[in-house]
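Colleague: Sequence:
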Amino acid sequence: MLKPLKNKRPLLILSSLALLGSISTVALTPKVLEWFETRQQAKIETALEEDINQPSLVLTLAEVPEKQRREQLEAIAASKNLSLERSRARYLLASDLLKEYEGGPALRQLERLEKEYPPMKPYILLKRGRGYELSNETDLAQATWKELIETYPDSLASAKALYKLGNYDPSYWDQGIERFPQHPNIQAVIRQRLKENPKQPQLLLLLAKYAANDPKATPYAIA
1 MLKPLKNKRP LLILSSLALL GSISTVALTP KVLEWFETRQ QAKIETALEE DINQPSLVLT
61 LAEVPEKQRR EQLEAIAASK NLSLERSRAR YLLASDLLKE YEGGPALRQL ERLEKEYPPM
121 KPYILLKRGR GYELSNETDL AQATWKELIE TYPDSLASAK ALYKLGNYDP SYWDQGIERF
181 PQHPNIQAVI RQRLKENPKQ PQLLLLLAKY AANDPKATPY AIA
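Position one of the sequence shown corresponds to residue 1 (the numbering used here), numbered consecutively onward.
Below, simulated EDC-like cross-link-like pairs (lysine to aspartate or glutamate); rule was C-alpha separation at most 16 Å, straight line:
id, residue 1, residue 2
1, Lys146, Glu133
2, Lys99, Glu133
3, Lys121, Glu150
4, Lys80, Glu111
5, Lys121, Asp154
6, Lys67, Glu100
7, Lys115, Glu85
8, Lys67, Glu102
9, Lys99, Glu66
10, Lys146, Asp174
11, Lys67, Asp96
12, Lys121, Glu147
13, Lys121, Glu111
No wet-lab data here; the hints were simulated from the structure.
Let's have the full structure, built from the sequences with the hints guiding it.
Modeller: Written out as structure tokens, the structure reads:
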């Protein structure tokens with residue numbers, strides 16, 4: 001049986017604050033982004049005035065393969081009682097469903113979730129937009145991502161929203177390059193543009209600054 005995880009030790013909270021302080025100057029990787037998103041939980045416990053040392057089965061399940069945790073997450077998410085644990089379960093379940101391209105079920109888990117899980121609203125909007133996109137409701141998807149970048153312009157979730165919007169209007173990629181050059185998805189855009197036209201020194205400088213250790217950037221290094 002899984003043992004509930006006692007979450008958010010002071011060290012993790014301090015680490016989150018340190019990352020926030022340096023987020024604009026360091027190169028980001030998908031693992032760092034995942035870590036950062038997870039650590040937003042520290043804000044949630046404070047906002048909802050719940051005991052940060054309370055054991056959490058959902059945070060334990062986050063370390064379990066998606067298929068193995070599905071049944072338990074569904075049971076917790078279906079609880080009639082409002083709780084932080086139920087909100088966590090709905091969010092994690094929605095994330096799993098989106099990875100399996102199940103937009104409709106994910107949207108149901110995300111419905112009004114930001115009302116009970118407010119500190120995670122930027123990421124809820126990001127995932128809701130993806131749910132709409134998977135449901136072929138691209139207008140709603142774009143509207144949701146635009147709401148995200150307008151309401152939370154400095155959130156890392158907005159970087160991913162700009163990347164997604166760029167698939168419909170490349171001018172959003174320009175915004176992403178200007179505002180979030182350290183984000184992995186935006187760096188992918190930079191590399192693609194350099195592949196199409198290597199003679200773009202400003203983009204080369206951005207890769208040199210934020211992706212110097214990325215082997216994908218080396219083909220564009222200045223001799």
